[in-house]
Amino acid sequence: MLGDGYLEQLKREGRIVVVGASLAGLRAAETLRSEGFAGSLTIIGDEPHEPYDRPPLSKQVLLGRAGADRTALPRLRSVDATWRLGVPATGLDRAARRVRLADGDEVPYDRLLIATGVRARPWPRAAEAELDGVFVLRTRDDSAALARRLDAGPQRVLVIGAGFTGSEIASACRERGLPVTVAERGAAPLVGALGGVVGAVAAELQRQHGVDLRCGVMVTALEGDTSGRVRVAHLSDGSTVEADVVIVSLGAIRNTEWLSGSGLGAGPRGIACDAGCRAFDIRGIVTDDIYAAGDVARSPHALFSYQFLSLEHWGNAVSQARIAAHNMLSESTDRLPHMEVPAFWSAQFGVNIKSVGVPSLGTEILISQGSLQDQRFVGVYGYQGRVIGAVAFDQAKWLPFYQELIETTASFPPPFDTVDRRPDGQRPIDADFPDPSVPTHGPTVTLSGYSPADRRMTFTPAH
Amino acid sequence: MRIAVDLNRCQGYAQCAFLAPEIFAMHGEEALLYDPEADEAQRAKLAQAAAACPVQAILVDAVDVPAEAVSGAR
Ligand SMILES: Cc1cc2nc3c(=O)[nH]c(=O)nc-3n(C[C@H](O)[C@H](O)[C@H](O)COP(=O)(O)OP(=O)(O)OC[C@H]3O[C@@H](n4cnc5c(N)ncnc54)[C@H](O)[C@@H]3O)c2cc1C
Ligand code: SF4
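Protein chains in written order, with our numbering: chain A, 1 to 463; chain B, 1001 to 1074.
Fair warning: there could be bad hints in the mix.
Residues on chain A that point at chain B, a partial pick, calculated with CB under 7 angstroms [stated by the list, open to error]:
| hint | residue |
| --- | --- |
| 1 | G64 |
| 2 | A66 |
| 3 | R70 |
| 4 | L73 |
| 5 | P74 |
| 6 | G91 |
| 7 | R94 |
| 8 | W345 |
| 9 | V351 |
| 10 | D394 |
If you're looking for bench data, these hints aren't it; they were derived computationally from the structure. For each residue, glycine too, the CB sits at the ideal point set by N, CA and C.
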């Protein structure tokens, strides 16, 4: 079937199905049309909404500056698709090339893109998670419900988990003047993503803005009143926090369950794919008709020793979607690898936080510009003698420079002087990341390369 | 009119906040806040702001959204 003319025919009259109607799904659909795909395009999404942007959900929306129902993504071009919204895909038959839907329908494809992303990790005890006033924040509906509750003026908000999302929520609550307690298992906020040195600055920021920050503790139980409203949280240090709104911000779970039994290399750590976004099957053979992009994908990255990288970054979803769409319609020699340097932003307590590369891979940090005390600095992360990542607090304009150092595998510590380097930034120090074997909610980047010592994945060959 | 800003690109030059203050505002020294769905009345200003952004970080609808209307059913 492959061979001369197949791609031309695919472009003219093929069937492409995208599962996951969000950022990656929409940008892939737009690219398919830009690259001349004229066949039928079906976009399947379990949420009832058309694609919307998530970053504003924990920022503008919680600050009351935008409605949660007003974050739909701009359309960069027409996609002329059949939209199947509000219905989850429940299975994949690779032999018959069909996607099964929850309503019993089946959609045939010649090429499939999986962009099902992640969902919020729920509070582990179901009965407590059900209490009125307990929230997670991933979707537009989550954000609308939470914003409404914050409008009502709760007595105290408890945020469980001080990763990026948890910290942004705490920030928005303080800006609204609400009393906030943050409980974090690690030693500081953002410690999983940025390490303890930078985490200490994040902790200082929170406290300066009036957050009751408790680190090194776990919430062990949530308790409701007789009418089923959350009332109090019990902490591992024996203390309690009275709160009528609790936001569980413990990271994300990849939406891959619907692929079980499909034979695709999909599991809790995402869908394994090659640098061109083609999904692997469970035998480690790359498929040629199934692609993955965005938060759900994990793929080898040339800059990071070809280890498998899973990213929960907006920019990554956009760039992988474009690569996947391009490659779907291309001869093998014209395919492109996904080689973007990971990049991430966050805004909290009025500070613009941005990172490039993979700071969480670094072992050392050098404050190359500004100072930690001023909460305005650039930190460069080193790993085995090279620059592997950088973070900026209110110094975003310098990041392209550091990105270039990462791209060119420059040596660490950088041998040259940078502007505005202070005496305390002359020498690298331990970046102070938590022991990776202790799970944190934290990093939005996960290295998940297989090693023979890794026994957590079970593989049962059929023969 | 829908808006998304690629804040990885945005360098906080505040050009947009200067040209279309109803839509874009600085939050603290560098962080940018924007209204993801601006009023139709702001169309001209939004176009100016998007064009003026030195790193072209502002994404705006290129097609009329109703033409791309999404229906829940097939
Ligand atoms: C509150 C919040 C704030 C954020 N802030 C930032 C930020 O400041 N900077 C940054 O870089 N990134 C940020 N992110 C991350 C960014 O939004 C994600 O990286 C991006 O949304 C990933 O896009 P995606 O399309 O891969 O996945 P998603 O956006 O997760 O979309 C996947 C879609 O697929 C749907 N789906 C799942 N399973 C099925 C199924 N079986 N059938 C059909 N549909 C299915 C899901 O419901 C969802 O709609 C933030 C995320 C959140 C939640
Ligand atoms: S003009 Fe562009 S770079 Fe400047 S603040 Fe606005 S979006 Fe950011």
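Status of the hints after comparison with the structure:
Among the interface hints, the one on G64 of chain A is violated; its C-beta lies about 11 angstroms from the nearest C-beta in chain B, farther than the 7 angstroms criterion. The restraint placing A66 of chain A at the interface with chain B holds, with a minimum CB-CB distance near 5 angstroms, inside the 7 angstroms limit. Satisfaction of the interface hint for R70 of chain A is found here, the shortest Cβ-Cβ separation to chain B being roughly 4 angstroms, below the 7 angstroms cut-off. Checking L73 of chain A against chain B by beta carbon gives a least distance of about 6 angstroms; that is within 7 angstroms, so the hint holds.
Among the interface hints, the one on P74 of chain A holds; its C-beta lies about 4 angstroms from the nearest C-beta in chain B, closer than the 7 angstroms criterion. With 7 angstroms as the threshold, the beta carbon of G91 of chain A stays out of range of chain B, its nearest partner Cβ sitting at about 18 angstroms, so the hint is violated. For R94 of chain A, the interface hint is violated, the least distance from its beta-carbon to any beta-carbon of chain B being 23 angstroms, above 7 angstroms. For W345 of chain A, the interface hint holds, since its Cβ comes within 7 angstroms of a Cβ in chain B; the closest pair sits about 4 angstroms apart.
Because the closest C-beta pair between V351 of chain A and chain B is about 6 angstroms apart, less than 7 angstroms, the hint holds. Because the smallest distance between the Cβ of D394 of chain A and any Cβ of chain B comes to about 5 angstroms, under 7 angstroms, the interface hint for this residue holds.
Hints 1, 6 and 7, counting from the list given before, are not met by this structure.
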